[in-house]
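2 protein chains.
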Amino acid sequence: MSDIRKQAYKAKEASRNLACLSTAVKDAALEAMAAALEENIDQILKENGKDVEAAAAAGRPKALIDRLMLNQERIKSMAEGLRQIRALADPVGEIVSGWTRPNGLEISQRRVPLGVVGIIYEARPNVTADAAGLCIKTANAVVLKGGSEAINSNQAIVDILCKAAYGAGIPEGAIQFISSTDRSSVIELIGLNGIVDVVIPRGGAGLIKAVVENAKVPVIETGVGNCHVYIDGECDFQMALDIIVNAKTQRPGVCNAAETLLIDRRIAGKLLPLIAEKLQKHGVELRGDEESRQILKDITPAVEEDWYTEYLDLIMAVKVVDGVDEAIAHITKYGTGHSEAIVTANYHNGRKFIREVDAAAVYLNASTRFTDGFEYGFGAEIGISTQKLHARGPMGLKELTTIKYVVTGNGHVR
Amino acid sequence: MSDIRKQAYKAKEASRNLACLSTAVKDAALEAMAAALEENIDQILKENGKDVEAAAAAGRPKALIDRLMLNQERIKSMAEGLRQIRALADPVGEIVSGWTRPNGLEISQRRVPLGVVGIIYEARPNVTADAAGLCIKTANAVVLKGGSEAINSNQAIVDILCKAAYGAGIPEGAIQFISSTDRSSVIELIGLNGIVDVVIPRGGAGLIKAVVENAKVPVIETGVGNCHVYIDGECDFQMALDIIVNAKTQRPGVCNAAETLLIDRRIAGKLLPLIAEKLQKHGVELRGDEESRQILKDITPAVEEDWYTEYLDLIMAVKVVDGVDEAIAHITKYGTGHSEAIVTANYHNGRKFIREVDAAAVYLNASTRFTDGFEYGFGAEIGISTQKLHARGPMGLKELTTIKYVVTGNGHVR
Chain X
0 MSDIRKQAYK
10 AKEASRNLAC
20 LSTAVKDAAL
30 EAMAAALEEN
40 IDQILKENGK
50 DVEAAAAAGR
60 PKALIDRLML
70 NQERIKSMAE
80 GLRQIRALAD
90 PVGEIVSGWT
100 RPNGLEISQR
110 RVPLGVVGII
120 YEARPNVTAD
130 AAGLCIKTAN
140 AVVLKGGSEA
150 INSNQAIVDI
160 LCKAAYGAGI
170 PEGAIQFISS
180 TDRSSVIELI
190 GLNGIVDVVI
200 PRGGAGLIKA
210 VVENAKVPVI
220 ETGVGNCHVY
230 IDGECDFQMA
240 LDIIVNAKTQ
250 RPGVCNAAET
260 LLIDRRIAGK
270 LLPLIAEKLQ
280 KHGVELRGDE
290 ESRQILKDIT
300 PAVEEDWYTE
310 YLDLIMAVKV
320 VDGVDEAIAH
330 ITKYGTGHSE
340 AIVTANYHNG
350 RKFIREVDAA
360 AVYLNASTRF
370 TDGFEYGFGA
380 EIGISTQKLH
390 ARGPMGLKEL
400 TTIKYVVTGN
410 GHVR
Chain L
0 MSDIRKQAYK
10 AKEASRNLAC
20 LSTAVKDAAL
30 EAMAAALEEN
40 IDQILKENGK
50 DVEAAAAAGR
60 PKALIDRLML
70 NQERIKSMAE
80 GLRQIRALAD
90 PVGEIVSGWT
100 RPNGLEISQR
110 RVPLGVVGII
120 YEARPNVTAD
130 AAGLCIKTAN
140 AVVLKGGSEA
150 INSNQAIVDI
160 LCKAAYGAGI
170 PEGAIQFISS
180 TDRSSVIELI
190 GLNGIVDVVI
200 PRGGAGLIKA
210 VVENAKVPVI
220 ETGVGNCHVY
230 IDGECDFQMA
240 LDIIVNAKTQ
250 RPGVCNAAET
260 LLIDRRIAGK
270 LLPLIAEKLQ
280 KHGVELRGDE
290 ESRQILKDIT
300 PAVEEDWYTE
310 YLDLIMAVKV
320 VDGVDEAIAH
330 ITKYGTGHSE
340 AIVTANYHNG
350 RKFIREVDAA
360 AVYLNASTRF
370 TDGFEYGFGA
380 EIGISTQKLH
390 ARGPMGLKEL
400 TTIKYVVTGN
410 GHVR
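Residue numbers (numbering that gives the first Met the number 0), protein chains in the order written: chain X, 0 to 413; chain L, 0 to 413.
A couple of the hints might just be wrong.
Since copy identity is lost for identical chains, a pair holds within one copy or between any two.
Taking lysine-lysine and the PhoX-like style, the derived pairs with C-alpha atoms no more than 25 Å apart in a straight line are [claimed, not checked]:
(1) K45 to K9
(2) K332 to K9
(3) K215 to K332
(4) K9 to K215
(5) K75 to K61
(6) K269 to K208
(7) K75 to K277
(8) K351 to K397
(9) K332 to K45
(10) K61 to K332
(11) K75 to K280
(12) K296 to K277
(13) K75 to K45
(14) K332 to K5
(15) K397 to K45
(16) K5 to K75
These are calculated hints, taken from the structure and not from any lab test.
If we strip away everything but chain X, and leave its shape as in the complex, we get (with noise of 0.2 Å):
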């Protein structure tokens, strides 16, 4: 048997017993494995220094090098979210729904762990501590796989924790990490039916393309966003500047920002000056279609491939558009399913919007900015789901578990 499906197994094995654990011995160990973080700081950076010191001799590029350097406060940071996934509702046990039927069978739908999660993610060494800590309350084992670039970080920080979580009552091998860089170490992991409940790729698209397409194990897609503002002729111009200024530039790097903005034909040659000063105060390079180009001169020209394009970056599409119509059909062909906004006054064409637009959050005077799991109020998240099955949308503690039907007779045959 190979290591890693050795390493799934001892994550199935342990995750028998953690879904039998109380909640108040889950929430001791998120507090002891919050302050080990902490008592472990210097032995952290230490590790993490060398995987920095590596990715600086590579050359990699300085955006990846910043996510994964870690310091005192970001350490911090990661034992302030362990701590705040314990203040959270334990969902497992809850009883979803229930029912008596005819014959007088009792059923119950009651809430229970995935199992074991399976969780590929990049040089974020922080996620190790947060996709550990949402696993462990959840009563799910967890089999981490970060990126080759964090490896020592990686490493030290699940160290740290496995001691801190088994010390504290959770069942040896309910936290797995892979240790080895080799790729085939992911396949093997996707490939494990029956042993890893779920796996859940976090990071780029082309991580999140490789493991659904080769995993034979049930994934949850998540992240990619090409998200679009659609402003109509009936709005606030002012609300529509705030909502594009905001979608497009609080955080430009990230899966909720805007990155084509659509507005109708009515107010374009009136409103599209305004936002286009707007958001070149703000740095965003705007590319437009040919009618949006006769009205702002001097930018570039977007080709076809703009409005397939998610920038993460201060770019922008623009294109003019024919009304909801027209807006929603450009969403449905380029759109990637994620966040989509209107800004209108005009009922009819907000319940239109919502109503035909096919994505996981649909925003009516809202910036798409307020897809994430904090600002819905989980108070977690670990991931957006983009596709349908299990979650879609940002995905609290909730997603992290199933299901089970518990049938009470007494003595009842068909």
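Starting from the structure of chain X, add chain L where the hints point.
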């Protein structure tokens, strides 16, 4: 573009209009589809005759031919099935939950169709009408891929259903049927990520395994059930007898039938002979472990493979265990997570079994045969999910839907 991809695209396009149809239109279409089946019995029987003849000439098993063969009554019951689906409540549009955030943002989860559902099934022509009906009711477009043995029957049924549905206002293209009998067409269908939202295989273990292992689109795994009944030391003997006989013999060929009997050592000497007598009267062959064979002298020895086997036949494995803990350990090792039952009068053992057995449905003093959408009161069943994502256990209409978040604000930004 290949034919199958074209068909899936047509389904996707139709799905957008379908999603916005009122319940009244969908229900009228279901009635029209039912009536059309009844009006075209002769044509369906003629086409079905070709399939049955070909299967007989090819020497296919009698059980397959029985599943394949239609008659007046079976077609009427397909029509009746569509009318039953029509009578169910429409799940689409339900506000599943909703709340207002401290900042005034209003968030709601609305139930919406999945989009395009692929159904891959074997030589049961009734699944064609059933799957089409369930998808129309839930406003999903459907791509049907039936077994090659039923190709003429399925094509006739689909033609009749499409004509009726489109005539009643369902968008053209919403029901697609893959007429190629080539196996590669299945591979292509389950690779259409981004077009097909979910594939549900309905059939034997081989089909399901092939789909799960090769799919790039999300799959809901259904079906395989190696189910156990554990008879605890403290139990009502008559109840134990009734449940075990029902679970094994009432319909042995289905996934929720019991395959292994586990019996507590404390009562095995007394109760096992009574059970064996009853089961043998029903024609059940028993295969026992050593201890049970000391009690029931004349039964076949069970080998390791027996504990893993879903017989789907009048065969039952028997094992004497040392109480509820050993029963749970056996189920954990050999079960497929479908349906598991305990018969006990002891509160603590019942509670333990319910908590610790990891299965879609756990029964306390009731037969495993109840794991069924109709028995649970759903009024319909797409299949029984044995995996943990999206749906677990019997799947009704709700399981053919997903949610979208609708977020309304008043110019809210982050």
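- Query: Broken hints, numbered, in rising order?
  - Reply: 1, 6, 7, 9, 10, 11, 15, 16
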